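> Protein chains in written order, with my numbering: chain Z, 1 to 111; chain D, 1001 to 1114.
The hints are simulated quantities; they were obtained by calculation from the structure and are not laboratory data. The reader is advised that the hints may include incorrect statements.
As the list claims (entries may be wrong) - Selected chain D positions facing chain Z (Cβ under 10 Å, derived; list incomplete):
id, residue
1, GLY1056
2, LEU1088
3, TRP1110
Unchecked claim - The list that follows gives simulated cross-link-like pairs (lysine to aspartate or glutamate, EDC-like), each with its CA atoms no further than 20 Å apart:
id, chain 1, residue 1, chain 2, residue 2
4, Z, LYS68, Z, GLU41
5, Z, LYS56, Z, GLU67
6, Z, LYS38, D, GLU1052
7, Z, LYS27, Z, GLU3
8, Z, LYS36, D, GLU1107
9, Z, LYS68, Z, GLU54
All figures in this text were calculated on a predicted structure; none of them were measured in a lab. Where is the CB? At the ideal position from N, CA and C, for every residue including glycine.
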Amino acid sequence: SQELEQSPQSLIVQEGKNLTINCTSSKTLYGLYWYKQKYGEGLIFLMMLQKGGEEKSHEKITAKLDEKKQQSSLHITASQPSHAGIYLCGADWTGANNLFFGTGTRLTVIP
Amino acid sequence: ETGVTQSPTHLIKTRGQQVTLRCSSQSGHNTVSWYQQALGQGPQFIFQYYREEENGRGNFPPRFSGLQFPNYSSELNVNALELDDSALYLCASSLPTASGNTIYFGEGSWLTVV
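Let the sequences and hints guide you as you build the complete structure.
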């Protein structure tokens, strides 16, 4: 959907390389959530961002929220095969914790 | 460990039948939402329950209905199943934290309609 766009749709990187996934919302964000999903499994919570300029990190994954652009980026440093999967951003546009998801970014990490 | 568990993990139903999917979450998870995820797509919001009442609904017909119980468990019921209902159904519950609500998902229930 153009209301929430993720890019790129797929990404293949060599192990050890850095990468960035972007998520752009056409509406004002109340909150932006990042999840990782292995095929056919549930969503693993990574991070939630609410405030403009907010940046959060967990292990080698960092996410930032640009309030002016209504855009978030997810950055992985020194990628590993364990990072492979589908990364989904979910937008909360109302504050009611109902998320609208993009179609995801499929990440492959080549050893 | 998300604290959200779903059952069954897989099931097969025939077109026209009815199905009930179940979800349980831990104490403190005050809202529960259900999502449908078709192959290759992101999850789509079906509806949300808060304090046992429906509190928001996505673009899904009335044959998709739900219940939330006082013990933090929930059900998704789908009547008159159609082939297009085949999907992964995800339950999500939100846990209030100091920095806002964290939304956790279960492992999902794979429904195949034949």
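> Please go over all the hints and tell whether each is borne out by the structure.
For each hint, the structure was consulted:
Hint status for D:GLY1056: holds, given a least beta-carbon distance of 5 Å to chain Z, under 10 Å. About 7 Å separates the beta-carbon of D:LEU1088 from the nearest beta-carbon of chain Z, less than 10 Å, and the hint is met. A cut of 10 Å between beta carbons decides the hint on D:TRP1110: the least distance to chain Z is about 7 Å, and the hint holds. Taking the CA atoms of Z:LYS68 and Z:GLU41, the gap is near 34 Å; set against the 20 Å cutoff, the hint is violated.
Restraint check: the Cα-Cα separation between Z:LYS56 and Z:GLU67 comes to about 15 Å, which is no more than 20 Å; the hinted pair holds. Of the supplied pair hints, the one linking Z:LYS38 and D:GLU1052 is violated, its CA atoms being roughly 31 Å apart against a limit of 20 Å. Simply put, Z:LYS27 and Z:GLU3 have alpha-carbon atoms about 7 Å apart, close enough for the 20 Å limit, and the pair holds. Restraint check for Z:LYS36 and D:GLU1107: satisfied, since their Cα atoms lie roughly 12 Å apart, inside the 20 Å limit.
Straight-line distance between C-alpha atoms of Z:LYS68 and Z:GLU54 comes to about 12 Å, which keeps the hinted pair within the 20 Å bound.
Hints 4 and 6 from the list above are not met by this structure, while the remaining hints are.
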